[in-house]
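If you read the protein sequences in the order shown, they are chains A and B.
Per our numbering, the very first residue in the first sequence carries number 18; after that it's consecutive.
Per our numbering, the very first residue in the second sequence carries number 254; after that it's consecutive.
Worth flagging that the hints you see were computed from the coordinates, not collected in a lab.
Please note that a few of the clues may not be correct.
[Claimed, not checked] Simulated crosslink set (EDC-like; lysine to aspartate or glutamate; CA at most 20 Å straight-line):
#, chain 1, residue 1, chain 2, residue 2
1, B, K297, A, E22
2, B, K320, B, D271
3, B, K294, A, E22
4, B, K293, A, D24
5, A, K116, B, E306
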Amino acid sequence: SQQGEEDPQALSIQEGENATMNCSYKTSINNLQWYRQNSGRGLVHLILIRSNEREKHSGRLRVTLDTSKKSSSLLITASRAADTASYFCATDIIQGAQKLVFGQGTRLTINP
Amino acid sequence: DTAVSQTPKYLVTQMGNDKSIKCEQNLGHDTMYWYKQDSKKFLKIMFSYNNKELIINETVPNRFSPKSPDKAHLNLHINSLELGDSAVYFCASSQSGRAAEQYFGPGTRLTVT
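One chain only, chain B, in its complex shape:
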C-alpha cells in the first residue's frame, strides 16, 4: 500500500549511458514532480506534471526527459549520463492547488562513474 514508489532504489552506471527511473503513485493525485537532491542535501525541483501535461521545467538539460503515460506515473529518462548527474532523485505527488502538501517517494540514488 505504498503511496509513492520509485524504482530502482539504487542505480550505478558509467558516464555516457542512458538510464530511466520510474515513479508511481496510488494516491489519486493529479500532479507529480521530480526533484534532485545533491550531496549538500539541497533539494531542487526539476519537472512538474499536472494531468499528464508538463507545467514546470526548471532549466534542466534536455538530456533529462520526463514522461507521464498517465496521472499515476511519471518516469524520468536520462541520456548521456555525466558525473554531475550523481544525486538522489525524488518523485513526489500532490493534489492540484496551491495549498497542497506533497508526498515523496523513497528516492533513487544515482551514481555515475
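Just chain A, same shape as in the assembly:
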C-alpha cells in the first residue's frame, strides 16, 4: 500500500477561492514535501516541512503537519488560473536511505 495518499483526488474551485489538499501517510518521517506538476511537465518543489515543524508559509502557500495524526495539508489562498495543476505530497521516511515516497496527487482545477 502507498505511504502517502492525497485527498481529494480532484478539486475544482473558482478563481480567488482557497484550495485545501490533504495528505496522509503511514510511517514516521524526517520531512514532508509538496510538489506541483503541470500537465506534461516535471514536478516542481513547493515547500518542505520538517517533522519537528507544525506550520510553514511560502507566499500564498500554507502547509501544516500533524505527526500525531500522520497528516499534512496544503492551503493555496486566493487561487489563480495558473495554479491549475496536480499537487503531490512526498514523505522522506526515517528508515533507510533517503528517498521520497509520493502520493497519487490531487488534481486542482481553477475555473476563471
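Once you've looked at the hints, dock chain B against the given chain A.
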C-alpha cells in the same frame, strides 16, 4: 541554462527492443534519481545514485540498468521492452542529505507497442 534535462522527450518503440534515456543536471548536485510515473499519475522511485554509487534499487526488474558515468549524468538503459514499461520516466537530482528538495527533469514519455 536548464537545470535537469532528459533526452529524448518522447520514445515510441516495439516490444523486445532495447532503449536508453539520458539525464544530465548542471546544479552541482551529487544525488540523482530515476522515477516512473504510470498512467494513474502514481510516481515511484526506481533508482538513486549518490556520487556515482547506487544507493537505492527499488525492486526494479534487471532489464532496467542505470549508469552514472559522473555526478552530473545518470542514464537509464532498458532491455527487452515490455508493454508494461510504457510510462513517463523522470530524472531528478538533489543535494545529499535528508532535507533536500529534488529538482525534476521534464520527463520522457515511453510508449511500447
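These are the hints, each one checked on the structure:
Between K297/B and E22/A the CA atoms are separated by roughly 13 Å; this keeps the pair inside 20 Å, and the hint holds. Only pairs whose Cα atoms come within 20 Å are accepted, and K320/B paired with D271/B is accepted, the gap being roughly 15 Å. Restraint check for K294/B and E22/A: the C-alpha separation of about 12 Å stays at or below 20 Å, so the hint holds. With a CA separation close to 15 Å, the supplied pair K293/B and D24/A stays within the 20 Å bound.
Of the pairs offered as hints, the one joining K116/A and E306/B holds, with about 15 Å between alpha carbons and a cut-off of 20 Å not exceeded.
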